[in-house]
Amino acid sequence: MPTLSRRHPAAIALLLMLGLLVTGTAYAAVAPKQAQASVTAADSVASGKKLFIANCATCHGANGLGINEVGPSLAGVGAASVDFQMGTGRMPMTEPGVQAKSGGMVKFSDEEISDIAAYVASLGPGPAVPDSEYTDASKGDPGKGGQIFRVNCAMCHNSAGAGGALTRGKDAPPVTGVTGKHIYEAMETGPQSMPVFNDANIDPESKRDVIAYLDAQQEAGNPGGNPLGGLGPVPEGLFIWTIGLGLLVGIAVWLGQKSA
Amino acid sequence: MTANTRPADALRADDAPAVAPASPGLKKVGGVAGWIDDRTGAAKGVGYLMKKVFPDHWSFMLGEIAMYSMIVCMLTGVFLTFWFDPSMAHTTYEGSYAPLQGVEMSRAYASTLDISFDVKGGLLIRQIHHWSALLFIVALSVHMLRVFFTGAFRKPRELNWIIGCVLSLLALVEGFAGYSLPDDLLSGTGLRAAQGFMVAAPVIGSYLSYGLFGGTFPGDDIIPRLYSVHILLLPALLIALFTVHIVLVALQKHTQYPGPGKTNDNVVGFPVMPVYAAKAGGFFFIVFGGIALISALVQINAVWVHGPYEPNATTAGAQPDWYMGFPDGALRLLPGFMEFETFGFTWAFPVIIGALLVIPAFYGGMMAYPFIEAWVTGDKREHHLLDRPRNVPTRTALGMAALTLYGVLMFAASNDIIAIKFGMSINDITWILRVLTFVGPVIAFWATKRICLSLQRHDRDLVLHGRETGRLERGAAGDFHEVHEPVDEQTRWTLVQHEETPPLELTSTVDANGVANKKGARKNKLRAKLHSFYFDGAVEPVSPAELEAAHHEHGHEAIESGDKISTH
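The listed protein sequences correspond, in order, to chains A and B.
Going by our numbering, the first sequence opens with residue 75, and the numbers climb by one from there.
Going by our numbering, the second sequence opens with residue 7, and the numbers climb by one from there.
It should be emphasised that the hints constitute simulated quantities derived from the structure, not laboratory data.
Quick caveat, the model's predicted, so the values are computed rather than measured.
Yeah, the Cβ is synthetic: ideal placement off N, Cα and C, and Gly gets one too.
There's no promise every hint is true.
To be verified - Label-pair distances were calculated between CB atoms; the ranges are:
1) TRP381(B) <-> VAL327(A): 30 to 38 Å
2) SER212(A) <-> ARG231(B): 29 to 37 Å
3) GLN331(A) <-> LEU165(B): 57 to 65 Å
4) GLY264(A) <-> THR348(B): 35 to 43 Å
5) ASN272(A) <-> ASP226(B): 19 to 27 Å
6) PHE346(B) <-> ALA128(A): 54 to 62 Å
7) VAL327(A) <-> ALA48(B): 30 to 38 Å
8) GLU511(B) <-> VAL327(A): 37 to 45 Å
9) LEU130(B) <-> SER212(A): 28 to 36 Å
10) VAL59(B) <-> GLU293(A): 27 to 35 Å
11) LEU165(B) <-> VAL327(A): 25 to 33 Å
12) ASP271(B) <-> PRO297(A): 53 to 61 Å
13) GLY264(A) <-> LEU363(B): 40 to 48 Å
Can you make the complete structure from the sequences, with help from the hints?
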């Protein structure tokens with residue numbers, strides 16, 4: 075009688091199957107994200123490159139390394155820079171000038187911007203788009219942020235965030251009504267004439283405090299009435315000379331006509 | 007009252023008119039007034055003032071606006087002193103303005119925030135105080151312009167003009183002291199600038215700064231010191247000088263605009279009681295109401311936005327209040343190369359000229375003007391009748407030139423705001439204003455003088471040939487001409503009342519012994535030059551003889567054109 079094999083001939087096959095299953099499952103559990111991500115990132119960079127060549131290369135060069143006297147190299151500016159410049163409508167520039175104008179229309183969708191950001195980020199290491207953890211005004215300390223703002227920002231952007239003049243037609247734009255993410259990115263990347271406030275100057279928590287201060291200031295509004303643009307004594311003087319004096323002289327003329 | 011309108015209770019000429027019995031209320035008032043008069047003898051003075059006649063014109067109310075806004079300032083200022091704490095002591099803000107909670111600051115700033123957010127009505131009173139301060143200086147400046155351009159500063163009012171100038175200067179200092187008190191970022195920046203101006207003064211600068219600040223900037227002394235100056239010293243001086251100003255107006259009689267029946271020897275108008283008492287009293291409440299309305303609707307000096315002053319911080323758009331704009335603007339226009347060093351001493355000429363000399367130069371010029379003009383014109387007579395600005399072209403043109411210079415400097419102080427609001431380069435604006443500093447006054451002088459002379463010629467034309475009616479008439483011979491309507495007597499009075507150019511009177515340059523006086527000769531030469539500058543191209547008023555001749559001519563015309571002229 076043939077000895078009954080302790081192992082069924084199918085056992086090896088089964089074992090193999092089981093092994094493959096476990097390995098596959100384990101692989102599937104660990105790897106797919108990476109695989110998926112690398113595919114997306116590659117896709118993103120590729121489509122970002124296409125968008126870049128179509129919309130940005132005229133000034134920044136086909137390889138993103140800039141054209142002398144026309145546009146700067148973007149190697150190392152990072153995704154944050156792209157997200158700021160394009161997300162606030164500064165880029166692509168609509169016309170040449172001393173600086174990219176703020177308040178322009180945003181010409182690309184968030185997805186397109188993040189694709190171009192991914193492509194530009196691939197040109198060299200630079201600051202990434204900040205984590206929402208650090209751009210949430212409600213998590214910051216407005217009092218501390220105000221101190222940082224007054225010492226570092228108010229001399230150009232005005233204590234009310236109303237903006238101010240720089241040399242030769244350049245300006246520091248108003249910072250009211252700007253999203254926390256864009257304020258963070260501006261500090262981190264230093265767009266146009268703005269200096270860079272990196273994490274060694276102002277750490278991410280402090281940047282969030284600045285965002286919180288600006289938010290709290292806008293929240294507090296203008297309890298005294300119309301702020302006249304928040305630009306201080308100049309519009310106040312203009313107001314009293316025109317409307318204030320006009321009102322009272324008008325009444326004086328009226329009273330002067332009512333002789334007795 | 008003439009005989010035919012004699013009332014029934016006074017049919018005979020010597021009948022005393024019936025006196026209505028005084029009402030019980032009036033009796034009581036009379037009783038109180040009598041009681042006071044018995045003890046003070048005030049009735050005479052009050053009666054004099056009450057019967058005083060003042061002429062009526064809206065431009066005479068500009069000074070009133072200034073006076074009332076000063077009173078509003080003082081009333082609201084008293085309220086603010088109840089809560090303001092003029093101390094540089096450190097504190098941590100715990101009030102209700104969220105963005106500053108937990109921030110360290112001075113007691114002065116914290117108490118200003120408390121007035122704004124935690125004292126009932128405090129913000130409104132603060133805003134009324136600040137708006138009325140701005141209006142005070144606006145109104146007094148426009149009042150000064152009125153006085154200047156109408157020649158109201160002439161004898162016997164030179165002294166009151168000088169008092170007015172001093173009042174205006176004190177108002178600037180008072181305003182600046184108030185601007186500096188809250189110890190916010192803007193006021194601290196202003197004080198820092200002021201300290202910089204002080205140390206620019208040669209030799210005494212640093213001692214001055216050390217003395218005023220009680221040591222190095224900012225120190226702990228400046229706020230309490232400015233507070234004493236702001237609420238005690240300057241208000242006392244302002245009230246004292248202002249009282250003298252008003253009393254002099256009453257004593258010298260108010261000037262009046264030329265017009266039918268108005269001469270240098272009378273005042274045509276209404277007595278204080280009851281007309282002006284009611285009008286001026288009402289106008290006070292209108293001014294107060296106007297300021298309150300503005301203060302309720304428009305925010306001013308939002309100190310909470312600026313944050314506490316720290317010497318290492320500042321804000322873009324840091325400007326002084328408008329009245330300090332002209333020295334600030336001069337400072338912004340003066341080129342930096344004018345600062346240099348000799349033997350280790352710095353000569354900061356941009357600061358010395360801009361911040362230290364501009365104000366004395368403007369005020370010195372204003373105070374000296376009445377005397378310079380009197381010397382040049384040789385006019386030593388009293389004037390109670392105002393000039394129409396066009397009839398004194400050179401004075402009007404000089405005033406416009408000075409005003410243009412002032413305006414250029416004042417606008418220069420807002421060069422950064424102009425740059426961002428009009429999208430211009432601040433460098434270009436600065437250069438344009440630098441050129442305008444020199445060219446602007448010259449253009450203003452020339453243009454104003456030409457306009458004045460043209461208006462005078464127009465007046466002459468109007469008097470001599472009447473108003474062009476635009477009606478064309480065809481004569482019997484088929485000719486066409488326009489009908490001119492002669493001006494009525496009332497209008498003509500105003501157009502011809504001013505004086506002719508006085509002849510140049512030079513003093514003798516030889517003394518009693520027939521020895522030539524060189525100094526006198528030089529003086530005469532200068533005076534002759536200035537006289538011809540002042541009266542250059544003068545258009546003389548229409549003389550009666552010219553009018554007669556014109557009428558004769560017109561009568562002739564009237565015959566030709568029918569009787570149109572006599573019917574209008």
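Check: If you check each hint against the structure, which ones fail?
Finding: 2, 3, 5 and 10
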